[in-house]
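Chains as they are written, first to last, in my numbering: chain R, 1 to 222; chain H, 1 to 222.
No lab work stands behind these hints, which were simulated from the structure alone.
The beta-carbon is built from N, C-alpha and C at its ideal position, and this holds for glycine as well.
Some chain H residues judged to face chain R by a derived CB distance under 8 angstroms, without partners named:
1. S37
2. P38
3. G39
4. A67
5. T68
6. G89
7. V118
8. N120
9. L121
10. S139
11. G143
12. E145
13. P151
14. P152
15. L167
Label pairs and their in silico Cβ distance ranges:
16. D14/H x V57/R: 47 to 57 angstroms
17. Q76/H x D8/R: 34 to 44 angstroms
18. G199/R x H186/H: 34 to 44 angstroms
19. L168/H x G199/R: 16 to 26 angstroms
20. A12/H x N180/R: 33 to 43 angstroms
21. S187/R x D14/H: 36 to 46 angstroms
22. E108/R x F191/H: 45 to 55 angstroms
23. A188/H x G199/R: 38 to 48 angstroms
24. D8/R x E190/H: 41 to 51 angstroms
2 protein chains.
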Amino acid sequence: MKVVVAKDILKANDQIAADNLARCDRAGTYTVNILGSPGAGKTSLLERLAVHLPADVKPAAIEGDLATSRDAERIQALGWPTVQINTGGGCHLDANMVAAGLDELNLEDIDLLFIDNVGNLVCTASYKLGERLRIVVLSITEGDEKVIKYPPMFQRADVVVFNKTDLLPYTDFDLQRAKNDAKHLHSATEFFEVSARTGAGVDVLADWLVHQQAQWAAASHR
Amino acid sequence: MKVVVAKDILKANDQIAADNLARCDRAGTYTVNILGSPGAGKTSLLERLAVHLPADVKPAAIEGDLATSRDAERIQALGWPTVQINTGGGCHLDANMVAAGLDELNLEDIDLLFIDNVGNLVCTASYKLGERLRIVVLSITEGDEKVIKYPPMFQRADVVVFNKTDLLPYTDFDLQRAKNDAKHLHSATEFFEVSARTGAGVDVLADWLVHQQAQWAAASHR
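Construct all of the structure, not just a fragment, from the sequences and the given hints.
This is the structure in structure tokens:
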């Protein structure tokens, strides 16, 4: 009997993710994987970011959900090219699904591609999709101990965005503790504090993202 | 090549879950599987429930987490028999892990056993553990559209507990919409509205749980 082990599945996924990355590189598309719990505010953050992106940066999104096209409808309303991927109950996007999503987009016309992953603080962490940057959105209302309780997610995060900071006064969330724990898991992690509801702090994140994309584009001689 | 399909894994799991259930039945232990997103407030709810359980009902808990024993320490502080299961990165508890947890408990001395699952609104839904009752904790701050976006979880819920109702004024969560959507997925679902932070509504849930356990015990001629 042959047993399919997770490691082999992940190896196959990583190969397709590398293909996705190469494809985006050829097209000049900088891809950002956005991860977090259900309701962390991933889609709301994209809606707010849209306001702060300069006119010459062309965004798009791939929306991952078990069911419905609610999130894609929200992003499409921003005027962005949008693809909805329904996993049919699956708990994460994989590189294969994203490859199918890329087929539906005109990458040559996209500078910043956001992949709005399934709400899941565990399984999504293991699957590379072909992204240049990985952002974990952690909402204040989830509690500051989530960082140490879900280490794989934070070990692999380039950026942690603390969302729902407007609710900080009503919780006992300790931002410094969460940051310390995240740094302990991955010393290079960048932090941003935002409220997708009020818009606070989203401009700073938008500027930083645009800068990352521009630096990458310059380094690739675009 | 043999491909191990999810259905077979779930079938094997269901058999072990049936064994767990029979084992708890023999001991007179009514078992409750508590599910929800990271930070929904599952452990906080248990802490509050502890206050409202009558002295003659003996509780215990199995705590499931990827890492740390934070939650088990919180429950142990209540004086409950407690077992921590670390999944080592795994995204859900399965019946096998719970069987190992049952080995560590004196079931004959436990009336109500809570299984505090890994924070995950997707994967945990598929795994029966041997429970008599399945409670999904959904926090107000996650957003009311989570019900239709994560249907497998709500199709299999006996009870939905809306938590963090103290934050209702600061969100646009529509309780009626969430209940309608949940009823559409599973018409027999019971609803409770609580704040594990302030304690509001937890007494009603505690009374109902104790009543369920007593009814079940009476029906089993205990």
